[in-house]
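A.B. asks: The lines below spell out each chain.
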Amino acid sequence: MKKELKFKVNGQPYDIFVKPKTLLVEVLRDLIGLTGTKRGCNSSSCGACTVMLNGMSVKSCSVLALQANGAEVVTVEGLAKGNELSPLQKAFLDHGAFQCGFCTPGMLMSSTALLTENPKPTKLEIKEGIDGNICRCTGYNSIIRAVTAVVKGEYKEAK
Amino acid sequence: MIKDFEHFAPKTLKEALALLAKYGDDCKVICGGQSLLILMRQGLVSPKYMVDIKGLDELNYIKDGKDGLKIGATTTHRTIEKSAVIKRKYPVLAEMEKRLASIQTRNWGTIGGNVCHGDPAADPAPVFMVLDATLTVAGAKGSRSIPIDKFCLDYFEVALEPGELLTEIKLPVPPPHTGTVYTKFNIIESDLATASVAVSLTLGSGDGVCQDIRIALGAVAPTAIRAKKAEKVLKGKKITEALLAEAGEAAAKETEPISDIAASEEYRRELVRVLVPRMTREALARAKKA
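Going down the list, the sequences are from chains A and B. Okay, so the first sequence: first residue is -7 according to my numbering, each after it adds one. Okay, so the second sequence: first residue is 3 according to my numbering, each after it adds one.
Here chain B stands alone, though its shape is the one from the complex (with noise of 0.2 Å):
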C-alpha cells in the first residue's frame, strides 16, 4: 500500500527548487513516477512530501545545437525514440528508448526519471557514457554539471545532493567516423536488461585503426561502468577477431554481477564476453559508413 504524502505540482523550476530546498530529506521529486510508484507500493519508499515535476514544461525539450543535444529531464521515453533529430544523429538513443519498456511505460516515463533513479539495470546510462554525457542540476545555489560516469554511485543512488534536481543531459557532437550500438539481452522484449552493452568506436581517418573507444555494461555491477579495461585492449589497433575476444574477456572481469532470477553470476559474465565483441564488430561497421 502506498502512504498517504502530500502533494505539490510546481508550475516553475524556480517553485520546485524552493519545495525541494524546504522540505530537504522528507520529499521526493515524482515525475512520470514509473519507476517510483512500484517501490512506494513495495512500501521501500514513502516520502512524507512529493514534488510532481510531470507537468513542468520547461524541462520537457530535445534542442539541436552546434555544440551538441540537450534533452530536458522531464522529456518522456517515447518523446525522444520518434524525435526526427535523434533518429538521424543519434540513432542509438532512438534504438535504446524503443527496448527500454513497453509503450505504455515509455509514453509516460521520462529520461531524467529513469537517470535519477539509479537502477543499475536501466538502459539509458550506459548509452549515455559511450555518448559522453554531461548532466545539469539545479540546486538553490544555482547549477551545476556532472559527467554521468560521476552521477551513477551506487544500487539507486546518484549524485544527487539535498534540494537538487537534474535538468538536463547534454550531449556532444560525435567525432567524425563514430559508430555507436547498444544491445540488451532480456527473456521479455521490453523487460530489464539482464546485462547489457553499449560501445562507441571512432576510427582514424582512412587508416582503419580504432582511434577511440568507449565501452559501458548495464546490469553487471552496482551501476552502469565503463569497461575501461577492455577499451585500452582496443584502443589504437586495428581490430582483429584475436584483440575482440581479449576485450570481452577483459571487460567480463571488470564486471561486479550478482545473481537473481533472471541469470547467475556467472551467466552474466559470459553475456559481457560474447556481447562486446559483438557490439564492438557492429560500431566498427557503422564507424565504417559514418
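Bound-form chain A, shown alone (with noise of 0.2 Å):
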C-alpha cells in the first residue's frame, strides 16, 4: 500500500504516494525527475548519491524515502540561484574538480554540507568531509583545491 510523503526539495514543495519500499534517491530521480543525484553503487559505499536532508548529507540510496516525510531535501540543482552557480560550483569549474562527472554531484553536496557546518575546515577537515565519496578520475586533489579557494574566499554567493 502506498503512502503520503509530503517534503520539499530545493525549495518545492511536493505531496506524493509512494511504496513504503522506495528510497529516497528512487524518488528524486524516477518521480521527481531530478537526476542530478547518481545512484552509483547503491550500497552506501560511493557517495554518489549524496543529498542534504534538514542540512546534513545523507547517502539517498541508504534512506527510506518515507523518513524524508516533513523534510527539506537539497540536491545538486538545487545549489544555483538562478543561473548564478554556487560558489563551490564556480571553484570545481574553474580547478578542473572532475573529468568524468559522475561524482561531482555528490562531491559537491558533501563539500556544501561542510560548509555549511564549518565554513573554514582545514586540508585535512576538508578530506575527512568528502571521505564518503570516491572519485574515480581526479585523484581528489583538484577537489580538495576547489574547496580550498572558496574557504579562502576567492568566490563570491551569488545575490
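There's no promise every hint is true.
To be verified - Below, computed lysine-lysine pairings styled on DSS-like, alpha-carbon distance capped at 27 Å:
#, chain 1, residue 1, chain 2, residue 2
1, A, 13, B, 231
2, A, 119, A, 144
3, B, 152, A, -5
4, B, 50, A, -5
Hints are computed from structural coordinates only; laboratory data are not their basis.
Please assemble the complex out of the two chains, which come individually in their own frames, going by the hints.
C.D. replies: Structure follows, in C-alpha cells:
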C-alpha cells in the first residue's frame, strides 16, 4: 500500500504517494525527475547519491523515502541561484575538479554540507568532509583545491 | 531488490511496542536503516512489516547525570560524536564515532540501530564493553537491563526477544585515574574494522599499578568479545613491556577470526597481538593524565 510523502526538494513542496520500500534516490530521480543525484554503488559506499536532508549530508540510496516526510531536501540542482552557480560549483569548474563528472553532484553536496557546518575547514577537515565520496578520475587533489579556494574566499556567493 | 512491506511510523514508544507485539517475528524495526537497507537490498532480510522508529524523538537524547551517561537508542552517531559532554567525559566514544563510517552514514545512522544489528566488526560494542555499558530494552511486559557482554550473542544476533526494543545505553561514571582508548585497523578509513581493540585501564592512586583493566576486541570473533585472559595478565601489576607482549599473545589466542576479503585469519590474530599492547600503552598514558 502506498503512503503519502510530503516534503520539500530545493524549496519546492511535493505531495506524492510512494511504496514504503522506495528509497529517497528513487523518489528524486524516478518520480520527481531530478537526475543530478547519481545512483552509483547503491550500497552506501560511493557517495554519488549524496543529498542534504534538513541540512545534513546523507546517502539517498540508503534512506527510506518515507523518512524524509516533512523534511527539506537539497540536491545538486538546488545549489545554483537562478543562473548563477554556487561558489563551490564555480570553483569546481575553475579547478577542473572532475573528469567524468559522475561523482561531482555528490562531491558538491558533501562539500556544501561541510562548509555549512564549518566554513573554515583545514585541509584535513576537507579530506574528512569528502571521505564518504569516491572519485576515480581526479585523485581528489583538484577537488580539495577547489574547496580550499572557496574557503579562502576566492568565490563570492550569488546575491 | 527490496521486497514490498507495510510501513508503520509510531509516534511514541508505547505505540511502537504495541506494533512489535502485534506483528512479532514478521516485523523488523528500522531506525536509520544504514545497515538494514543493505541487507534488504541483498534479499537477506525481507520483513512483511516495518516499524520505523527514526522519528521516535523520546529516544533521541544524551543525558549526563551523577550516575553516569544515558544515550537514547535513536541518537545518531554524529550527535554523539559532536556532543560536548561526551567529548569531555567520554572522549573515546566521540573518537570511535568519528571513525565509524562516512559522514553521511553517521548523520543518519543511530547508535541503537548499530548495536542491534549485531555486526561483529561494528565499532560501538567493544567500546561499550570496556566502558561497562548496560542496555535497557523495553517490551510489552516492561523493561529490563542487559550488560553489553550478554547482549551480543552471535553473528548478527543480539539478545532481543520478539517484541522487544532497545531504548537506552547507560554508561557508569569511569573510576578516577582511568584511561580509555579505541582503535580499528582498516584499509579504507571510513570502512568497517578488519580488527579492533578497546582498552580501559584504571591505575591505583599513585602507585602506578594497573588496578583494573578491560580489553575488548571487534571483528575477530562471532561477536565483539572481552579478552579476559589478557586482562588477567595485566590486572594488579605494574605494566611492563614483557607483560604487554604476554597480554597481546593471550588476547590473540582468545580470538576466533574468519578469513575474508579484508584479511586472513592469521593476519587478524597478528593485528590483535600488535594492537593490544599498543592500545594498552596508550590507555596507560591517558590514565596517568586523568
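A.B. asks: If you draw a straight line from the CA of residue 119 of chain A to the CA of residue 144 of chain A, is it 27 Å or shorter?
C.D. replies: 16 Å, holds
A.B. asks: Hey, residue 50 of chain B versus residue -5 of chain A, does the alpha-carbon distance stay inside 27 Å?
C.D. replies: Holds, because 16 Å separates the two Cα atoms, which is no more than 27 Å.
A.B. asks: Given the hinted pair residue 13 of chain A and residue 231 of chain B, is their alpha-carbon gap at most 27 Å?
C.D. replies: Outside the cut-off at roughly 46 Å; violated.
A.B. asks: For a C-alpha distance cap of 27 Å, please report whether residue 152 of chain B and residue -5 of chain A respect it.
C.D. replies: 39 Å, violated
When the structure is compared with the earlier hints, violations turn up for hints 1 and 3 and for no others.
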